[in-house]
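If you read the sequences in order, they're chains X and Z. Each residue of the first sequence is one higher than the last, beginning at 0 in numbering that gives the first Met the number 0. Each residue of the second sequence is one higher than the last, beginning at 0 in numbering that gives the first Met the number 0.
Everything labelled a hint here was simulated from the structure, so no lab data went into it. Just so you know, even glycine gets a beta-carbon here, dropped at the ideal spot from N, CA and C. It cannot be assumed that every hint is accurate.
Unchecked claim - Just so you have them, the derived chain X footprint on chain Z, three or more residues with Cβ under 8 Å:
1) 2-10
2) 67-80
Stated by the list, open to error - Reference excerpt, derived from the structure (chain Z facing chain X, CB under 7 Å, subset only):
3) Asp29
4) Tyr32
5) Val88
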Amino acid sequence: MNDSVLPLEDVRAADAGSAGGKAANLGEMARSGFPVPPGFVVLSHAGHAFFEALGVAGALAGLQNLPPAGLASRCSALQRRIVDAEVQAPLADAIREAHARLMAACGADTTCVVRSSATAEDLPGASFAGQHGTYYYVDAGRLLEMIRHCWASLWSREAVSYRSTHGIPHESVRMAVVVQEMVRADVSGVAFTANPVTGERAEVVIESSFGMGAAIVDGRVTPDRYVVARDGLGLRERRIAHKRLMVPTRLPDERAERLVAVPHEKQRSETLGAEQIRTVARWALRCEERFGAPQDVEWAIAGDRFHLFQSRPITTLGREEGATAVKGKWVLFKAVAENFTDPITPLTADLLSVLFGPGLRFIGGRLYMNLELLAPLVPFEMSDETLADALYLTARTAAPLRLSLRKLPLALLAGLLFHLSVGVLLARTRAMPDGFMAAYRSLCRRVGDDATLDAVQALQRVTVLPRLLDPLGHMAMMVNVSSLRFAPWMAALKHMLMRWVPGLRPDAVAVLCSGSEGVLSAEMGRGIGVLASEARREAAARDILLRHEPGEALAQLRRDPGARGFVERLDAFLAVHGHRAIKEFEIRTARWEEDPAPVLGMVRNYLLVDKDEGVREQKGARERRELEAEVRRALEVRPLERRLRLRWRLVHLAARRARYYLKLRENSRFYHIMAIGLLRKRVLAIEAELRGRGSLKCKDDVFFLRWNEVAALRAGALGWTDVEDRIRQRRLEHVRLAKVTPPRTIGIERSDPVAAAPALDRLEGQSASPGRYEGVARVILDPSVDLTLRPGEVLVAPYTDPAWTPLFLVAGAAVVEVGSYLSHAGTVAREYGLPCVVDVPDCTRRIPSGARVQVDGGAGVVRILGETAG
Amino acid sequence: MTAWLADAALFAGGVYLCLRLIAAAYRLLDLWYTIRTAYPAVLRGILGWGGAAAATAAVLEGRHRLAFLLGLLAFLLFYLSLYRLRHLVLRKPAPLE
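Okay, chain X solo, but in the shape it has when bound (with noise of 0.2 Å):
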């Protein structure tokens, strides 16, 4: 070897400033015994001289105050000239020497991974995590490119846009590489040790898969998770999940697909026996001491062998960061934020983001409202953080209004122009039919198989771009802006009722607007409904979905002759509602209609708790009609009332009206999800063309990219290699995502007052539907999954959405961490007459699964009376 390549036992800790931090950290591991993969590492000064020869070190260095569209492709054409330049003869021959070593010792069969080792990673306050290049499945002949590729990473767009956010010097970072052999892991995984979630240190968590770990790191798997105590390493909760799918550690050839299925006997059992579980905990624990923090440590089992591929620490623990570099002023946009709890990928942000007008941007794969463009077109003296209350709909605004007479000309000029643009449509749903947008199924039909437009344009025909005698192509989304005259309705309604029956009960309002017919959420309710008692007639259907899991039992259905009618029934379902899915908005999420299993999840569910559901469906609207004969009766004794019922036509239009728009607001989504589902099968047509092409490598990769890059990708002016780190990086940033709670506003300096310590037993949220309820707490945090709500038990979930409408059939209140009154779970809750309280923040982590919990509707409040065995 020469003084550009050393073995990795040979790297110290002192050495990061030339190995980088990976490698200094992995030589540190391998030096004290811990069961490092074997390799090499091409240290950082001949990265560095190879930019020198190559010209384009000065190059670098000028990054530095780029406007972002200047930096990318300034840093696109960089890494080009990067990767395709030769490796000097000296360092080649260096390098080839120290692979040929390497596969003499592991076995000539042995491939390697390439992993970027730069010398700011993992500085106190940064992760790189993912920014830079790694590379599996490198044989001899690809070595040097991949060692190319890694070196150019320190140059990807997003990696400068890092180093510039966090004020480190461009100049100041160089590259090293590190090269092992790559182990050929039966189970592999990641320990934190402590967990990244809660930031609680008294425990282990670890997650596991078949095959390699990458997968759980990018998130194309759910892995099973282990949370063991940190003390005694007793297992504290164990989550076994569904493994559909595993990253091979082999290859056939190198057009062959990354991703493949676990076998079907696996998919659901345990990756880790009790004493695998412990070793990997002690083995974390351990580079938590060595390294005297704690640590998030990625780790593999061949065999009977366990290997350690890296330990760092925890960067984000206890941070809940995710939009620190963004400018301007914006405000999570909560009456949507219940379709969007989960961070949406890069592809659905940018095709949705098609729709919007410069008021709406995803940051953090979550919406947000622009606080400045909406701030002069609000008529009252208000601060930022009042206003952004405001527009979170948080109950914080309850100060009276100040009218402000600079800005109130723009606002009238603002309203002059709203009205005038969506007057028509606001005529036109006044008062329609419940099947006014039916027609829309076969529009969506139409523009789906119009070869002539792209899936963009596509998806703004049936949005938002409508033709002029085609009007229902834009009813399903604006019809959402007509349905927000149900606020001065219910207005109006409360103003009359507190003026003319002020002894009412506090909840009238919310009772007297519930229970409409009509409501198509709850009709796929009773879908499952129906389905189930058709299942219980039939023997076979039944005996099917309860001895089967979801997945298997549809193929068991369909061949079994005596679950004919079952099957039939399924399918007229699925003809109606197989467009929607958990997580709808997300055009990566598999329609009902593509895998059933949800729907046949629910079946099931309702065949094991054996209810009568239609007792429930009616108790919404019985409560409504005994209310409205108390109103009337109270509102006799008023002068003339008797004669002309005056007073009593006023409260019942305007709790029709105010009926009539929530209910219209809930079926828009119904139709809103066709046009997702339309987009859906466009991007998987061309998803599957890509993959046949070798342009991608797994499943899904696709929603990983922005629409652009897939239309370079069909013309072959991107490929794989260019959007192979992309996609990685990119997946990263979506698990970590989806781990932090976004923040409702960014860029608004916030004067919370210092609050008193939450009462521990009472948990405060808004009123969604009304009545009191006490019983048992469940908390689900995934319908698809947890199928164990049992009758009567008070649902706690973090949100919902259409997916969930089966469970609260049998659940007695419901419980919901985001949400509103126009939610879903609000709206359900109110048809379905049961108590809802939303926005309760962290309510699936405060109300333990098994409390006893009263839910008060009305007043928004839960509070938690105690454990009960069981």
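Fit chain Z to the supplied structure of chain X, relying on the hints for placement.
Quick look at chain Z alone, frame taken from chain X:
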């Protein structure tokens, strides 16, 4: 001054009636799927708002009629232009990096 205010009000009235008339006409398309039962309401809307516009124009004279008709025409043109203006407001997908 009063005449000018009356013109402005009639212009606004023309805008409003045009808006309602377009909405009423659209109901023919909106309710086409159930036109056998919905046609009385659809016809009522078109004839009602159309009749109101025609009657108003017939009753008015001179500059007042002109103001009213300009209101009708202005909104019609504004409404048709929206189909083009929407393209300007909407974003394009992020450019290639």
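Structure-based check of each hint:
Residues of the stretch 2-10 of chain Z with a Cβ under 8 Å from some Cβ of chain X number 0, which does not satisfy the need for three, so the listed coverage is violated. For the stretch 67-80 of chain Z, the proposed coverage by chain X is satisfied: 4 residues have a C-beta within less than 8 Å of a C-beta in that chain, meeting the threshold of three. Proximity of Z/Asp29 to chain X holds as hinted, the smallest CB-CB distance being about 6 Å (cut-off 7 Å). Annotation: Z/Tyr32 was flagged as interfacial toward chain X, and the flag holds, the nearest CB pair being 6 Å apart, inside 7 Å.
The restraint placing Z/Val88 at the interface with chain X holds, with a minimum CB-CB distance near 5 Å, inside the 7 Å limit.
The structure fails to meet hint 1 from the earlier list, while all remaining hints are met.
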